[in-house]
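What follows is each chain in one-letter form.
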Amino acid sequence: MIQQIWVDARDSLLGSDAEDGSVLAVSASALALLATVVTFLFIPALSLPVLVAFIAVTAVGWVTHQPEIARLLTLIATVLTLLTVGFITYFLFASALPAFLEHGLGLLLIPVEEGGTRWFFWLGEVLPTGDSIWNPRGGAYSLIPSIWATVIVTLVAGAVAGPLGLFGALFIAEVASDGLREVIKPAVEILAGIPSIVYGFIGFQVLNGFIQESFLDDGASFLIAGIVVGVMALPTVVSVGEDALSSVPDSMGDGSIAMGATEWQTMKSISIPAAFSGISAAVILGLGRAIGETMAVAAIMGALSSRLAFPLFDFFDANTTLTSLVAVNYGSASESTLDVLFVAGVMLFVIVATMSIISQYIERRMKEKLRGQA
Amino acid sequence: MSEGYAREASLVNEGSNGYDRMLDGTIALCVLTSATALLALVEVVPLDATGGALGGFFRTVFAAIAGGVGVVALASWANVVPVTSRRIRGVAVGLVASSVLLTAAAYALPVNLATLLGLALLTEAGVVVGAGVASRTGVVDTEPDRSAGLLAGVTFAAIGLALGSALAGSLVGFGSPVWIVGAVVVAVALFVATVLPQEDVGSTLPVALIVGTLGLVVATAAIGVGWQWNPDALSGGFTGGAVIPVFVLFGTLLSAWSAAKCRAGFGAPGREYGAFLVINLNALLMVAVMVTIVLFVASRGIAYGFHGFTIGALSALVLLAPVFAVVTEFARTPAGSSDWHTGARELFRAVPLAATGAVAALLTTVLVTGRELSYGYIYVVQVDRSEQPLETAVSVTPEPAVGALVLVVPALVLFAALFRRYGSLRNVGEWSGRIRSLQQTVPVAVAVLAVLTGVLVLGGPSPLGVPLGGTVGAVAVGAGAFGAAALAALPLAALATRNGSLAERAVDGAPLFTIGVFGGLGLLAAALFLQAPAQVAPSLGPVNVVPAVGMLAAVLSLAAAGAAAVARRRTGETIQQRLLGEETVLGLAGVAGFLALVGLHVSLTGTSFTVLGVSVTTEGTLSWPMTMQAYIPLGAEPGGIMPAVVGTVWLVIGATLFAVPLGVGAAVFLTEYAEQGGFTSTVEIATNALWSTPSIVFGLFGAAFIIPRTGGDESLLAGMLVLGFMLLPLVLITSREAIKAVPDEYRDASAALGVSRWETIRSVVLPAAMPGVITGVILGVGRIAGETAPLILVLGSTLNATESANVLQGFSFQASPPFVTNPELLQASASLPTQVWGVIAAGVSGSPQMGWATAFVLLMVVLSFYAAGITARTYFRRKLNYE
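Protein chains in written order, with the numbering used here: chain A, 1 to 374; chain B, 1 to 883.
Check each hint, because a few of them may be wrong.
As the list claims (entries may be wrong) - Okay, derived cross-link-like pairs now, DSS-like style, lysine-lysine, Cα gap no bigger than 25 Å in a straight line:
1) K740(B) / K268(A)
2) K879(B) / K369(A)
3) K740(B) / K879(B)
4) K185(A) / K879(B)
5) K367(A) / K740(B)
6) K367(A) / K268(A)
7) K369(A) / K268(A)
8) K268(A) / K185(A)
9) K185(A) / K367(A)
By construction, these hints were calculated from the structure, which means they are not laboratory data.
Chain A extracted, bound-state conformation:
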């Protein structure tokens, strides 16, 4: 049993055809790395010398047993990448834990206004209520207004990015000629590359004035933030959707063409239905992007308002979303507010990661199906 574990461990570290002398080199290097990680976690001041020791040991190993050390290094890279994921998850949750323990459901206070509990999808019956829903001195921290702001902004963004993205994906995958595709695809990529702060600055400087003039609003609004975020999520929808449409086997479309169908008929009745789940995965991923978008929203809508939008669907209102709540308040936050901000971070992390995993699952299923494996 122990023998077997030893052999397995040796195989995964060294590969099955390792020389005996390499065990020493590899284990020395691995131990040095382990020491580095441990010192960085617990005595960070000393981690640099230990890191140097690791580099020295590995350099010696590289000269004497290059294949094994190379394999070890790639393995280390993998483990460190996985550790990153683990650390992010652990430290986010650990930092948010005090707020969870202290406030519990109090983080989801439903406001009481004008004598009655505000209607919030019948949740007022279940969740606690309070007069003041964001009051750091009084210890009231409700994330409900920010959650609702995130929902509205994401809905507006989805309404922009969904249809336009679908058409864009169709254009790139099916309609465009090769030459045109060479132009449009980079253009979409560049659209994705424009930094969010630049979108935010345009929104802050120009669009807010526009909406005050043309939509009689007194300032920033969900509408404009949603449209901007929609444009930002558009490239994600286009590229993932295009990927899905392109993964439909040519033979399916060719069969339809052979029957005398036009290209549009083929697209409408073959490609889109076959790639439907992939396209929905694209929209989900795009919505994930929209939820996670920070700077544009922060720049456009600015500070936190401790009031839930009234009425709920008032898309001319403004408030911080979960992301911009963190960005705007972090600098000036007190200790207990910080913990609440970490709760917002955890929510974002969980929601977006779930959406990403769902969309990956859908995509994978679709590709397997198209290959005839499921």
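For this one, chain A is given, so just place chain B on it according to the hints.
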């Protein structure tokens, strides 16, 4: 697929009748009105413009369209860009005709733009319904289906629901339940009108009804320019200025779709044409949005960003050299055979070269005549909430000087490019015994100088009290420099002393070419690097030896390259031509290398070098205050954002150094070593999830994990690590894709030769995957360079920092743990994105002009990464496909 459509294409291109032309014109009118509506929405042209102002606008539009269409028509007539499609021709003619029509209407009718747009909508509705009726009554020959289909029906029902509720709501008010009834009635009516009748009526009548209603509402000013609706329930409201363009946009899109269906004769082709028109317009819109954003930011930021920009003509020329190389390469690539006329392609390829040549000639003129080239302009900045005009100029000065850095970087780039271009001259020409012994002596000499450098670095200029640096060092530097000069002269000596034609002499002298260039470069570089530890800079009179030799050697190499090029032109033998081409490239590489050494000497020793009035200086003649100066508090000049630029550069470097080795290593392990299965796919899902994790979450992670471990304060190092964490998943994903894309045959072939696994990975898989990895890294770096949210949390930037991070000089070594410290890395730093955020966060006291200029610089930085990444990808893909 395209084969199947050959017939359709020819059918489409057959003669068109009046009906077709009418519809082509309508499609053009729709496109034109929707573009106008877009312009009205962003207030390029006001909706209440009338008479001359409106006419002037449409006249400009007409001029633009006529110009564009005219050029294409000319190209088509000359058969350079043959446009055969009747539809495209029809739409083009329609565009010209409708712009003329609109211009005439604007002058003739006493109406404003809103009403004119409404009238255009009514016209479109009329044409569409006319076309539908003509088709139904059999006046024109079409092939409509029995019904327009459920998809169209449902779409129109949805439109009807929205339209009906708006209509009923504004007539009877949203309070009474009647508006719901009204909405449903309109929706059902439109659904029935779409689905029940034959397709030609079903896809035109509802469109005409909707567009007609919208047109009527707009044309009669029921919703006019001054119209406002401010519902109690919402904190905002609607104005005519926003609603009219939206109505017009929607109406034109709908009638364009319908007209396209009519134009293609309904049925399957009609649906296809309609759908494709919409899809194409959408793609056009996306590109337009992208271009608009970039141009808008540029137009706002460029005036401030280039405040006081000056560059010496010589510096500009040096910077132009790499561009020159690129455009030459571009012009050299074969035009290929494609649908374009080959002659036009060749012209297109030569244009950049010609343009660069023209700029170079212009700069040379400035240099020769000594007259400054300057463009002055005035722009307005906001200082303390009041607007203040600033006068400045962008200028090219005739100084015959070039900064050391400006010289070194392009020269090194050119040297690397030329060296890659250079193949080999091994075993070419006559190898006498003397040449062989020379070939063996040069490396020994270089090694001696290197050893001496090492001794002096370790022991100081006087190791063990012996003043080695001042004596032996100086002699060695001098000897090395003169040796280098002699070596650089070898190629010319070979040409001068041998017999035969120039080409024969040059080919026979090939060994001397290689030894001359490489040996000279190596020896001079060794001598150059010996100077600093030896603390000597030998000079003959007023002239420093090393840069003088570098300059001389550059001239000699240039002469050798020129001679080889002349010889190449004279000879007719292919093999000689090829070899002489190699020699030319080698000579040019030598020129670039020697010039780089001259620049290096100046920047290392800090003394400028002048020859024949041209000088290489430490100061440089490029002055770009926006990126090369820090903020000047209370200064008369606006100052710049150098700390932010420097911060972003270091952030990018740090993140890349952290993420790329990890990401590539993990990708190698996961793809080459690990068993494909549960583990690898879990890792893949986790990395994908990490990639879509919101950036602010990374910031929180950095604040909770990294900051406590890197000194407890916001710091540059924390910013680097956080951005590295963000870059990591992308590098992993793209590297994995690239490694997976390497065909298994490569690995099998390598294994069949008995090569071990690691050797295979190192020398087969990784080189083949490298293009993909590089492209992915460049695109990822472009993305994180603009990342703001995590930096707000971990970088600790302040607006308008006055000091840049000085990372290189910040390193200090010591004997006790932690051995290496760098306080610069542990300090807060500025960066471009946080600078923009700082302007926003400062509210009214921030300077919008500085914000725009910073956003412009940031956008340029990010877009150049993207441009580089996309170009690299296209280049490598072409290379793979042997295009």
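For each hint, the structure was consulted:
1. K740(B) / K268(A): Given that 25 Å is the threshold and the Cα spacing comes to 33 Å, the pair is violated.
2. K879(B) / K369(A): Between K879(B) and K369(A) the Cα gap is close to 34 Å, so the pair fails against 25 Å, i.e. violated.
3. K740(B) / K879(B): Roughly 19 Å between the alpha carbons, so the hint for K740(B) and K879(B) holds.
4. K185(A) / K879(B): Holds. K185(A) to K879(B) sits at ~19 Å (cutoff 25 Å).
5. K367(A) / K740(B): Holds - the C-alpha atoms of K740(B) and K367(A) are around 17 Å apart, at most 25 Å.
6. K367(A) / K268(A): 19 Å, holds
7. K369(A) / K268(A): 19 Å, holds
8. K268(A) / K185(A): It holds: about 22 Å lies between the C-alpha atoms, which stays within 25 Å.
9. K185(A) / K367(A): With Cα atoms ~22 Å apart, K185(A) and K367(A) stay inside 25 Å; holds.
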